[in-house]
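If you want the building blocks of each chain, they are given just below.
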Amino acid sequence: MTTLSPGPQLSARVAPLQAVQQTCSLAWRTLVQIKHNPFELVDFSVQPVMFLLLFVYVFGGAVGGSPHAYLQYVLSGVIVQNSLFTTLNTATGLSTDLDKGFSSRLRALPIARFAPLAARILADVAKQAWAIALLYAVGTIMGFRADTSVLAALAAAGLVLVCTLAFAWILVWIGMLMANPEKVQIFGFVMLFPLTFTSGAFVRTTTMPGWLQAFSKANPVTLLAEGARGLLVGGPVAVPVIESLLYAAGFITVFAPLAVLAFKRRA
Amino acid sequence: MTVTTSAWAASAITARGLTKRFGATTAVDGIDLDIPAGTVFGLLGPNGAGKTTTIRILATLISADAGQATVHGYDVGRQAHQVRQLIGLTGQYASVDESLTGLENLVLIGRLIGTSRTDARRRARELLAQFRLADAGSRAVKTYSGGMRRRLDLAASLVGRPRVLFLDEPTTGLDPRSRAELWDTVRDLTASGVTVLLTTQYLEEADQLASQIAVIDAGRVIAQGTSARLKAQTGGDTLDEVFLALTGHGTSSAAIADDRQEVSR
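If you read the protein sequences in the order shown, they are chains G and Y. Position one of the first sequence corresponds to residue 1 (the numbering used here), numbered consecutively onward. Position one of the second sequence corresponds to residue 1 (the numbering used here), numbered consecutively onward.
Rather than coming from a laboratory, the hints here were simulated on the basis of the structure. Hints should not be assumed to be uniformly reliable.
On the chain Y side, residues computed to face chain G include the following (Cβ under 10 Å) [claimed, not checked]:
1. 7
2. 8
3. 17
4. 19
5. 74
6. 81
7. 85
8. 99
9. 100
10. 113
11. 163
12. 174
13. 189
No farther apart than 25 Å at their CA atoms in a straight line, the calculated lysine-lysine pairs in the PhoX-like style are these [stated by the list, open to error]:
14. G:35 to Y:142
15. G:100 to Y:142
16. G:100 to G:183
Every residue gets a Cβ at the ideal spot worked out from N, C-alpha and C, and that includes glycine.
From just these sequences and the hints, can you work out the full model?
Right, dumping it as structure tokens:
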């Protein structure tokens with residue numbers, strides 16, 4: 001090959017390690033905003049705690065016999081619900097980046113196409129770890145007792161985080177397709193709200209009509225809540241955990257490429 | 001790492017029959033360009049003429065429906081990654097993160113293109129000083145004035161020392177002093193061998209900076225040459241006059257639908 005070329009040495013593609021570094025740099029960008037605006041921490045702390053208090057003290061007696069009995073049941077459900085709802089923030093955040101032109105700046109840089117998307121997901125999952133810790137703490141103050149072990153409780157948190165990370169790609173894909181953050185917010189909410197409520201996250205599915213039970217049994221939210229519940233207060237663990245992880249693998253396999261493709265095509 | 005240098009071409013930018021459609025609108029309609037390295041080339045035209053769409057294709061942000069374009073010999077479609085290592089982009093749509101500080105924005109870009117933390121900080125401070133933002137570097141960008149924002153945008157596109165710089169209407173909305181400063185920066189960059197492709201609605205700006213100007217209307221190049229030649233050819237002194245002489249209509253009637261397309265993104 002000729003050596004007369006005066007051009008700089010250019011790489012032909014992003015190496016995998018570089019892509020990971022780029023993702024981490026962009027995740028830092030999302031997390032460092034908490035340093036500038038510590039109130040953001042309050043933003044994603046208030047809602048989960050509010051949901052837990054309302055569910056336990058308003059519905060607890062009617063649904064679970066007593067607030068305390070219901071707390072044992074519902075804590076895992078609130079953790080799962082809150083984590084899945086965070087993916088809506090992930091999608092609207094990315095949609096805002098598209099709207100404001102920050103994404104154009106990133107896309108003109110020689111970085112992996114998935115890095116901006118994966119980074120936002122990663123940063124929001126990190127925020128989620130905080131919310132889960134907070135829910136454990138508030139739950140404990142309210143009288144929640146994990147009947148298993150510390151290790152199992154950590155595994156429950158890990159399971160929820162991994163599944164959220166996978167599930168987020170669906171919302172991110174939607175975020176890439178919708179015209180603006182407002183539409184992402186509306187569409188995402190209309191999708192997430194029924195999905196979490198037609199699950200076993202908050203109530204046992206046995207009192208639902210037959211057709212809904214059938215749906216609910218296959219609902220990934222049910223499986224994830226059951227898996228986390230099993231790890232926290234006992235009950236079946238292996239089957240719901242494995243099925244949740246299979247769902248997670250499926251979500252990443254299908255929706256991560258779709259989301260990246262939609263991001264590349266976004267004009 | 002895979003390294004390729006074989007494609008390097010002396011021409012900084014070439015385009016052949018570049019075409020882009022949005023639905024029924026043809027925003028770019030067969031544009032040809034040939035821009036030598038180290039020069040400033042001006043794309044002059046009214047809103048909606050297809051200037052921004054052209055730049056977005058050349059900067060690898062959108063793909064052309066037909067035609068071909070290269071940056072230093074690298075195809076903007078098939079070799080987008082190589083092209084991205086050569087270019088910088090500044091425009092109203094290629095913004096920085098408003099909630100980060102100026103310094104953080106520049107360090108972030110440095111880190112993304114693979115510089116070490118120390119080098120990224122050094123380069124960021126150097127650029128902040130160069131663009132009179134040293135004092136504002138630790139403040140969130142949302143507190144910046146319009147002129148400061150624009151200077152930071154430009155600094156952000158220079159972090160990677162690009163060989164080719166795209167400036168999309170760089171001085172729209174700037175006061176005369178900031179405009180003159182930006183012009184000086186562009187001249188300094190060209191003196192150091194950087195090629196600049198800028199779009200503008202002002203003939204004066206193209207006149208000041210560009211060695212060659214292409215006048216664009218409805219996605220086509222309708223005239224090309226030095227600004228002196230364009231003025232002589234049309235007898236006009238402003239874009240409006242040049243435009244009227246070339247097209248028989250004023251600048252405001254150009255492709256309204258296309259304008260909507262460009263504004264909506």
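We went through each hint and held it up to the structure:
1. 7: Hint holds; residue 7 of chain Y Cβ to chain G Cβ min 8 Å, cut 10 Å.
2. 8: 3 Å, holds
3. 17: 20 Å, violated
4. 19: 15 Å, violated
5. 74: 8 Å, holds
6. 81: 6 Å, holds
7. 85: 5 Å, holds
8. 99: 5 Å, holds
9. 100: 7 Å, holds
10. 113: 6 Å, holds
11. 163: OK, holds: residue 163 of chain Y within 10 Å of chain G, min 7 Å.
12. 174: 18 Å, violated
13. 189: Where the cut-off is 10 Å and the nearest Cβ of chain G is about 17 Å from residue 189 of chain Y, the hint is violated.
14. G:35 to Y:142: Within the cut-off at roughly 15 Å; holds.
15. G:100 to Y:142: At roughly 13 Å apart (the allowed maximum being 25 Å), residue 142 of chain Y and residue 100 of chain G satisfy the hint.
16. G:100 to G:183: 15 Å, holds
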